[in-house]
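Could you fit the two chains together into a complex? Lean on the hints.
Heads up: the sequence lines are chains A and B, in that order. Count the first sequence with the working numbering and you get residues 1 to 344, in order. Count the second sequence with the working numbering and you get residues 1 to 352, in order.
Just so you know, the hints here were simulated from the structure itself, not pulled from any lab data. Keep in mind the model is a prediction, meaning the values are calculated, not measured. Glycine included, each C-beta is placed from N, C-alpha and C at the ideal position. Among the hints, erroneous ones may be present.
Here are some chain B residues pointing at chain A (derived, C-beta under 8 Å) [stated by the list, open to error]:
(1) Arg147
(2) Val151
(3) Lys165
(4) Phe233
(5) His314
(6) Tyr349
Derived, one-sided and incomplete: chain A residues facing chain B with beta-carbon distance under 10 Å [to be verified]:
(7) Asp25
(8) Ile108
(9) Gln123
(10) Met130
(11) Gly243
(12) Cys307
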Amino acid sequence: MILQELSEAIGISGNEDAVRKIIADAVRDHVDELRTDTIGNLFAVKKARGAKRAFKVMIAAHMDEVGLMITGHDGNGGLRFQPVGGIDDRILPGKVLLVGPDKIPGVIGVKPVHLLKGDEGKQVIKMDDMRIDIGASSKEEAEGLVKLGQVAAFSTHYSKIGRTATGKAFDDRAGCAVLVELLKGARFPFDLHAVFTVQEEVGLRGARVAASAVEPDCAFVLEGTICDDLPKDKDTSPTTELGKGPAISLMDRSAFADRRLVDHLIATAEKLGIPYQFKQPGIGGTDAGAITRSKAGVPTVPVSVPCRYIHSPVARLSLDDFENTVRLMQESLKRLTPDILKRS
Amino acid sequence: MDLFVLLKKLSEAHGISAYEAPVREIVREEFAKHSHEVRVTKMGSVVGVRHGSGTAPRRKVMLSAHMDEIGLMVMGLEKGFLRIAKVAGSDARVMLGQEVVVHGQRELPGVVGSRPPHVLPPDERDRVLPFDQLFVDVGLPEAQVKRLVRVGDLISIRREAFELKGGLFSGKALDDRASVAAVAVCLETLASLQHKWDVLGVASVQEETTFLGAATSAHSLQPDVAIAIDVTFGEQNGVPDARTVSMGKGPAIGIGPNFHPKLVKALVDTASNLEMPYQMDPTPGASGTDAWPIQVAREGIPTALLSIPLRYMHTPVETVSLKDIERTGKLMAEFIAHLNDEFLKALTYPID
Numbered sequence: 001m002i003l004q005e006l007s008e009a010i011g012i013s014g015n016e017d018a019v020r021k022i023i024a025d026a027v028r029d030h031v032d033e034l035r036t037d038t039i040g041n042l043f044a045v046k047k048a049r050g051a052k053r054a055f056k057v058m059i060a061a062h063m064d065e066v067g068l069m070i071t072g073h074d075g076n077g078g079l080r081f082q083p084v085g086g087i088d089d090r091i092l093p094g095k096v097l098l099v100g101p102d103k104i105p106g107v108i109g110v111k112p113v114h115l116l117k118g119d120e121g122k123q124v125i126k127m128d129d130m131r132i133d134i135g136a137s138s139k140e141e142a143e144g145l146v147k148l149g150q151v152a153a154f155s156t157h158y159s160k161i162g163r164t165a166t167g168k169a170f171d172d173r174a175g176c177a178v179l180v181e182l183l184k185g186a187r188f189p190f191d192l193h194a195v196f197t198v199q200e201e202v203g204l205r206g207a208r209v210a211a212s213a214v215e216p217d218c219a220f221v222l223e224g225t226i227c228d229d230l231p232k233d234k235d236t237s238p239t240t241e242l243g244k245g246p247a248i249s250l251m252d253r254s255a256f257a258d259r260r261l262v263d264h265l266i267a268t269a270e271k272l273g274i275p276y277q278f279k280q281p282g283i284g285g286t287d288a289g290a291i292t293r294s295k296a297g298v299p300t301v302p303v304s305v306p307c308r309y310i311h312s313p314v315a316r317l318s319l320d321d322f323e324n325t326v327r328l329m330q331e332s333l334k335r336l337t338p339d340i341l342k343r344s
Numbered sequence: 001m002d003l004f005v006l007l008k009k010l011s012e013a014h015g016i017s018a019y020e021a022p023v024r025e026i027v028r029e030e031f032a033k034h035s036h037e038v039r040v041t042k043m044g045s046v047v048g049v050r051h052g053s054g055t056a057p058r059r060k061v062m063l064s065a066h067m068d069e070i071g072l073m074v075m076g077l078e079k080g081f082l083r084i085a086k087v088a089g090s091d092a093r094v095m096l097g098q099e100v101v102v103h104g105q106r107e108l109p110g111v112v113g114s115r116p117p118h119v120l121p122p123d124e125r126d127r128v129l130p131f132d133q134l135f136v137d138v139g140l141p142e143a144q145v146k147r148l149v150r151v152g153d154l155i156s157i158r159r160e161a162f163e164l165k166g167g168l169f170s171g172k173a174l175d176d177r178a179s180v181a182a183v184a185v186c187l188e189t190l191a192s193l194q195h196k197w198d199v200l201g202v203a204s205v206q207e208e209t210t211f212l213g214a215a216t217s218a219h220s221l222q223p224d225v226a227i228a229i230d231v232t233f234g235e236q237n238g239v240p241d242a243r244t245v246s247m248g249k250g251p252a253i254g255i256g257p258n259f260h261p262k263l264v265k266a267l268v269d270t271a272s273n274l275e276m277p278y279q280m281d282p283t284p285g286a287s288g289t290d291a292w293p294i295q296v297a298r299e300g301i302p303t304a305l306l307s308i309p310l311r312y313m314h315t316p317v318e319t320v321s322l323k324d325i326e327r328t329g330k331l332m333a334e335f336i337a338h339l340n341d342e343f344l345k346a347l348t349y350p351i352d
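So here's chain B without its partners, still in its complex pose (with noise of 0.2 Å):
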């Protein structure tokens, strides 16, 4: 597989939540060449499955990633020009001077439009506007627009992916694209590794905004052990360390009461194993991915995160190293090859 490719593929495609339609054909074609048999779910999601070695019924594994991306929907129409509002976490200190594509009865490429510094007055140079007083401008006379423009239609971000120096790939929706890559490097690898258990691919939809891709797989899906893969805060200009994981020294293993603990030092044990570079995301609480729903899908699924670092979260510019996107698929087929029944047993919480 080119990482690249599939990165680029991934990344320049629209979804935003609800509406992930472009990038699921995207996905399921990706996911269709590693998988026995590949599923859309009621809500959406895509799952791809690849048979176990055991003997039936077998095991499930379940990987979740999320393919929506946050993004604008259309409010209303003044002069011709588009108001806005944001759908899920969109930032609105990104959006002046921003290419768009209107989602209207066709695509229509648009500028979120800012004002030359020649007449802004100071003191609103020094002010972050707010979505309510953006406007999108797909350069059409004001009647044409009325006729391919209703409000509730969405707007994505148009940005096209490439590479920076040092491995590392920058584009919008890496969030949480880069996690379904890192699904398909899984899936792929697992072909060429023995494994006892099903596994589940899944490509979630609108984690953005409630999680409901997770929540309703995980019911359906059933599986006996879950990892949710999700981008974390890379380090980055402006941000604490503290807040922040290393780029390009692999993926982060996250530890706290969202996760179980014989699970996270599995993996830690794996990517020791196998020598790869690993860092813990120390998360006290809600991890705000799909591990959260997931854990308490029907009851209780013994869940795990793995965290690709990522630059710039929810920015037309995320920022990933794809060695990192490599090593956490690897991580994740090298896991999956070992699970069995032992394990399972392991994670239970004995009392006597």
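The following block holds chain A by itself, in its conformation from the complex (with noise of 0.2 Å):
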């Protein structure tokens, strides 16, 4: 599956380029146009079938994934970096990331246990605090090896025990594995537009360009979602859970979905006994604020593969959600029509 390809993939945010090859080389026999913006959107063109209609829908999933970039050299050798996109300061104490195109392998090391004084061993330690160390020792080795803007990854192997697939950057290769999967299937009746689009994560950058070319009726946007079902003290909604299949989301930070489509995916979920669930309102945001404020407005809605520890070096999903994300997006296109979006 392109899944493991994809995550295995680097594609940080403004530097997507080997996850944009994977995907259109994967799509190129099964698509009628394949082109790319100034931005770096990968564009898609199903075109629909039988006579040409017009309706015109936009499926979006983002190629970009959160990481560091290196902003200074230290003296020692060591690299100085700020966040690309959301990232806890917790989760990278302890890890190996490959920093720069030759993928020079780094590591983020911390004071050691042994050494730390009074409540030291509580505080949490700032990013800016951090260094990647790659080896080098001086400052001149440090820039002749990695230069300034140059991002690092996470360095994780994709894995699979039972039904779950663990790996870094499900969110969003789990879209993009999804929106691979629809555009090798049949056509729809409608044309569809696929765009993988860029810089998600840094503020939905790309979605709003490509919203602005493609003009769509409506749009849906495939997501690896939050999945926050970690047993707590205090019980709170799990966001989404593993394995309770697509995560259909009503309202984020970024945008309201569109009702009627909404509608129409529970209906089709519900009659061919599609498992599905609902994303937690209000939390998190995806490329569908920037499409359904698109022009004129886009009616949109995201649906999400739930996957459990996004933005860090490991997150994980059930690849029964995986299955049934592909098969209610593709059972519901196929119902499509432009009368769902007619107002009564």
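This is the structure:
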């Protein structure tokens, strides 16, 4: 499955080239048109089945992932860095990074636990105080190996146990993989504009221009979304739960989902017995935020594969959820007609 | 010997204190290549024995490097997730998002779960989660987890070892597998040197908890002289220079009450004769190494400590210089080749 290849590829926001290449190669033979734009989005157009119809659906999945950018060189060869996208400082210590285009391995260490004084062990180490150590012993050596502005990604192998997959960047390579599957399938009763977007993690930048270029009648956003189902002392909703099916968003920080599209997804799922769940409202944001606001507005709904531990080196998803997301999308799209969007 | 290959094998093998079996097999195999005989002690330490060329009964020198590592243990099961506690000196600050292996009914790959930043209240991001608030997720349905995992099962860090620039090497458990590799280098080097004394290369158990392996091995092997080999704090970001030694500048020779002054001098002299770089590691009290119990085993054993500089101790990315390991092994071999009765006499404290 392409999810492994996509997960192991590096594509920090603004540096999505490797991911774009994999996707382009995977879908080339299944689409009628393949192009990119000035910001780096990849458009794959699959024309409608049969006679040409005046109905255009855009489906977006973002190629970029969170990571680190090199912002300085220390005298002793250490690399300073800042986050690209949202990263919790606490997941960085003790991790391995691949730095720059040559994927130079580096590590983020911490002061040995033996040398901590007083409450130091309870204090979160701030990113500003961390360094990536690639083994360079001087500023000059480090500068020769890694340039300012180059990026570093988590070094994580994809693996499978039972029906769960583990790997980095499932947010949103899971969505990309679902979209690739949809493109590989039969034509739909409308022109499908699949857009693999860039720079979602730094402000939904790619989706904004993509929607403006495509001008779809409606849109779907495919995500690998938050699955916060670890046990907690205080019982709060788990956002989504692993293994309970694709998550349909109703509302998040970026947009309200279009209720008609939500109802269409639900009707399809219920009719075919595909499991689904709602993403806990009010949390996170997706490309839907940009697409919904594009031009005169686009009715949009995000559909997601729940992923535990996103924005960390190791995320985890259920392959059943993944397959059910592909199926729910396929079946819903097959049945999607302009009538659904008519206002009564 | 390909030091990189050996160290990678040692680093990636599991062996939490008291459960050293997997790494023990690798050590046994490696020591066997360079020893006349390999034993496993009652408590599980490995001893590679090289017979000296002197007439029996021969004097004995013991080298001790511990093969156990720190880790985690399953404390409970909750909704299919595992509650954990640390075994020995694991550091809570490096746990979130780590890959692990749960040693259940079979080995299960797992992840220390982290909540995504999107849902974290700001004050939680400023809090280091203690072990009792961390969970390991093995990605299986709850019923299956209950069948495969029991309270008390051990959890090891899973981390591939690899080379950094500048001849540095990074991985888990290099505290103290780097030193076990140095002992292997020493035994291999001795095969092409003359040595009168018997050499007992020990890979000890349970150092991280109670120094059990070194204490019991020193008792039963009764060496005349001992050298413990461990790691010490290498220069790194965020730690004052006063607490560290340099990386890649040779072994650090411990100096302080835990070590016999004349052994210390002999090691310094040996390094000088070899024109090998070395550093001094002043240790005002307990060294926190196998040298501590060995020095007071039986009626007392003259003991020294060689330390390999290591960055990021007790994290999954411990980092050492391959050259420092090589040098540590060579230094011990050369020291051992010069051991004789006169030297032993010189270790006494004359009162005339």
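Comparing the hints with the structure gives:
At its closest, the beta carbon of Arg147/B sits 12 Å from a beta carbon of chain A; the interface hint therefore is violated under the 8 Å criterion. For Val151/B, the interface hint is violated, the least distance from its beta-carbon to any beta-carbon of chain A being 16 Å, above 8 Å. For Lys165/B, the suggested interface contact is upheld, since its CB lies about 4 Å from the closest CB of chain A, less than 8 Å. About 6 Å separates the beta-carbon of Phe233/B from the nearest beta-carbon of chain A, less than 8 Å, and the hint is met.
The beta carbon of His314/B is positioned within 8 Å of a beta carbon in chain A (closest approach about 5 Å), and the interface hint is therefore held. With a cut of 8 Å, the hint placing Tyr349/B at the interface with chain A is violated, because the nearest CB-to-CB distance is about 32 Å. A cut of 10 Å between beta carbons decides the hint on Asp25/A: the least distance to chain B is about 28 Å, and the hint is violated. Because the smallest distance between the Cβ of Ile108/A and any Cβ of chain B comes to about 7 Å, under 10 Å, the interface hint for this residue holds.
This hint holds: Gln123/A has a C-beta 7 Å from the nearest C-beta of chain B, less than the 10 Å allowed. Residue-level restraint check for Met130/A holds (minimum Cβ-Cβ distance to chain B is 8 Å; threshold 10 Å). A distance limit of 10 Å between C-beta atoms decides the matter here; for Gly243/A the minimum to chain B is near 8 Å, and the interface restraint holds. Given hint, Cys307/A at the interface with chain B, holds; its Cβ is 9 Å from that chain's nearest Cβ, closer than 10 Å.
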